[in-house]
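Enquirer: Here is how the chains run, residue by residue.
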Amino acid sequence: NAGVTQTPKFRVLKTGQSMTLLCAQDMNHEYMYWYRQDPGMGLRLIHYSVGEGTTAKGEVPDGYNVSRLKKQNFLLGLESAAPSQTSVYFCASSYPNRGTEAFFGQGTRLTVV
Amino acid sequence: AQSVTQLGSHVSVSEGALVLLRCNYSSSVPPYLFWYVQYPNQGLQLLLKYTSAATLVKGINGFEAEFKKSETSFHLTKPSAHMSDAAEYFCAVSDQAGTALIFGKGTTLSVSS
Numbered sequence: 001n002a003g004v005t006q007t008p009k010f011r012v013l014k015t016g017q018s019m020t021l022l023c024a025q026d027m028n029h030e031y032m033y034w035y036r037q038d039p040g041m042g043l044r045l046i047h048y049s050v051g052e053g054t055t056a057k058g059e060v061p062d063g064y065n066v067s068r069l070k071k072q073n074f075l076l077g078l079e080s081a082a083p084s085q086t087s088v089y090f091c092a093s094s095y096p097n098r099g100t101e102a103f104f105g106q107g108t109r110l111t112v113v
Numbered sequence: 114a115q116s117v118t119q120l121g122s123h124v125s126v127s128e129g130a131l132v133l134l135r136c137n138y139s140s141s142v143p144p145y146l147f148w149y150v151q152y153p154n155q156g157l158q159l160l161l162k163y164t165s166a167a168t169l170v171k172g173i174n175g176f177e178a179e180f181k182k183s184e185t186s187f188h189l190t191k192p193s194a195h196m197s198d199a200a201e202y203f204c205a206v207s208d209q210a211g212t213a214l215i216f217g218k219g220t221t222l223s224v225s226s
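The listed protein sequences derive, respectively, from chains A and B. In this text, residue positions in the first sequence follow our numbering: the first is 1, and each later residue adds one. In this text, residue positions in the second sequence follow our numbering: the first is 114, and each later residue adds one.
To be clear, the hints were calculated from the coordinates, so they are not data collected in a lab. Just so you know, not all the hints are guaranteed correct.
[Claimed, not checked] No farther apart than 30 Å at their CA atoms in a straight line, the calculated lysine-lysine pairs in the DSBU-like style are these:
hint : chain 1 : residue 1 : chain 2 : residue 2
1    : B       : Lys-162   : B       : Lys-182
2    : B       : Lys-162   : A       : Lys-57
3    : A       : Lys-14    : B       : Lys-218
4    : A       : Lys-57    : B       : Lys-218
5    : B       : Lys-181   : B       : Lys-218
6    : B       : Lys-162   : A       : Lys-9
7    : B       : Lys-162   : B       : Lys-218
8    : A       : Lys-9     : B       : Lys-218
[Said to hold, decoys possible] To spell it out: a stretch of chain A is covered by chain B in this simulated footprint if at least three of its residues, at any positions, have a beta carbon under 8 Å from a beta carbon of chain B; those stretches are:
hint : stretch
9    : 62 to 73
10   : 87 to 101
11   : 104 to 110
[What the hints assert, rightly or not] Examples of chain B residues toward chain A, derived with CB under 7 Å:
hint : residue
12   : Tyr-145
13   : Phe-147
14   : Gly-156
15   : Leu-157
16   : Leu-161
17   : Lys-162
18   : Thr-164
19   : Ser-207
20   : Gly-211
21   : Thr-212
22   : Ala-213
23   : Leu-214
24   : Phe-216
25   : Gly-217
26   : Lys-218
27   : Gly-219
As the structure is a computational prediction, the values presented were derived from the model and not from experiment. C-beta: ideal position from N, C-alpha, C; glycine also.
Based on the sequences and whatever the hints tell you, model everything.
Expert: Right under this line is the structure:
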């Protein structure tokens with residue numbers, strides 16, 4: 001059982017380049033999330049989705065776009081990367097219940113130079 | 114709005130000593146609370162969660178946490194630290210709508226022999 005899988009695991013981008021991070025889950029979860037983790041900042045929510053075809057902004061959405069065309073996939077896009085987007089990105093998924101936990105992927109380490 | 118505050122960004126203990134990691138929450142509704150652990154270069158793994166069933170919650174790897182409404186706290190404890198417990202620990206609260214988890218800034222636990 002793979003759980004939540006993120007692709008790629010590492011990436012180096014030049015300022016201004018674009019890229020897409022892919023998240024796939026095989027647990028039939030309704031909800032999916034993208035977080036970024038920075039030293040001393042914990043995890044901050046970028047965007048989330050409560051179902052196929054729906055997305056919403058989280059705490060730090062600027063500079064990112066997302067799409068959820070299929071229930072099992074959640075894509076995070078950076079249209080024009082900036083050094084401030086250097087971070088570790090985590091995808092997570094969960095059932096639609098306030099007391100349920102989120103399951104996390106292994107993370108993508110992105111460096112923008 | 115919901116939030117969590119983790120007191121102490123870094124905690125150091127000796128092997129065999131008590132582990133105490135502090136988390137205080139703020140919530141406008143009855144909270145659902147979580148503790149996650151992150152080992153180096155890995156994703157987040159659920160340690161335990163509080164969903165109002167019992168105030169003392171037991172988790173994996175010998176950890177437990179006690180929900181204290183009067184103190185708005187959900188501190189994580191382990192009676193005897195092991196070298197393998199060295200990791201970063203995150204406290205989280207479910208947001209009011211139940212659509213995402215809100216994380217604290219994390220506490221790094223170091224264990225010395």
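Enquirer: If a hint holds in the structure, say so; if it does not, say that too.
Expert: Checked hints:
Proximity of Lys-162/B to Lys-182/B is assessed by CA-CA distance (about 15 Å); at most 30 Å being required, the pair is judged to hold. Pair hint Lys-162/B plus Lys-57/A holds up; C-alpha atoms about 25 Å apart against a cutoff of 30 Å. At roughly 28 Å between alpha-carbon atoms, Lys-14/A and Lys-218/B fall within 30 Å of each other, so this suggested pair holds. For a cut-off of 30 Å, the pair hint linking Lys-57/A to Lys-218/B stands: about 20 Å separates their Cα positions.
Distance hint between Lys-181/B and Lys-218/B is fulfilled; the C-alpha atoms sit about 21 Å from each other, no more than 30 Å. Under the criterion of a C-alpha separation no larger than 30 Å, the hint pairing Lys-162/B with Lys-9/A is consistent with the structure, at around 28 Å. Proposed proximity of Lys-162/B and Lys-218/B is supported: the alpha carbons are some 18 Å apart, at most 30 Å. Straight-line distance between C-alpha atoms of Lys-9/A and Lys-218/B comes to about 23 Å, which keeps the hinted pair within the 30 Å bound.
Coverage of the stretch 62 to 73 of chain A by chain B is violated [criterion: at least 3 residues with CB-CB distance below 8 Å; count 0]. For the stretch 87 to 101 of chain A, the stated coverage by chain B holds: 7 residues have a C-beta nearer than 8 Å to a C-beta of that chain, and at least 3 were required. Against chain B, the stretch 104 to 110 of chain A contributes 4 residues with a C-beta closer than 8 Å to a partner C-beta. That satisfies the three-residue criterion, and the hint holds. With a cut of 7 Å, the hint placing Tyr-145/B at the interface with chain A holds, because the nearest CB-to-CB distance is about 4 Å.
A hinted interface residue such as Phe-147/B counts as satisfied when its beta carbon comes closer than 7 Å to some beta carbon of chain A; here the least separation is about 6 Å, so the hint holds. Checking Gly-156/B against chain A by beta carbon gives a least distance of about 4 Å; that is within 7 Å, so the hint holds. For Leu-157/B, the shortest C-beta to C-beta distance to chain A is roughly 4 Å, which falls under 7 Å, so the interface hint holds. Violation of the interface hint for Leu-161/B is found here, the shortest Cβ-Cβ separation to chain A being roughly 9 Å, above the 7 Å cut-off.
Against a cut-off of 7 Å between C-beta atoms, the interface hint on Lys-162/B holds, since the closest Cβ of chain A lies about 6 Å away. Hint status for Thr-164/B: holds, given a least beta-carbon distance of 4 Å to chain A, under 7 Å. Given hint, Ser-207/B at the interface with chain A, holds; its Cβ is 5 Å from that chain's nearest Cβ, closer than 7 Å. For the restraint placing Gly-211/B at the interface with chain A, the shortest Cβ-Cβ distance is roughly 3 Å, inside the 7 Å limit, so the hint holds.
At about 6 Å, the closest approach between the beta carbon of Thr-212/B and any beta carbon in chain A falls short of 7 Å, and the interface hint on this residue holds. The restraint placing Ala-213/B at the interface with chain A holds, with a minimum CB-CB distance near 5 Å, inside the 7 Å limit. Interface hint at Leu-214/B: satisfied, since its Cβ lies 6 Å from the closest Cβ of chain A, which is below the 7 Å cut-off. Restraint check, Phe-216/B versus chain A: the minimum CB separation of about 4 Å is within 7 Å; hint holds.
With 7 Å as the threshold, the beta carbon of Gly-217/B comes within range of chain A, its nearest partner Cβ sitting at about 6 Å, so the hint holds. Hint on Lys-218/B holds. Least Cβ distance to chain A is approximately 4 Å, under the 7 Å limit. Contact between Gly-219/B and chain A, as hinted, is supported at the beta carbon level, the nearest pair being about 5 Å apart and thus within 7 Å.
The structure does not agree with the numbered hints 9, 16 stated previously, though it agrees with the rest.
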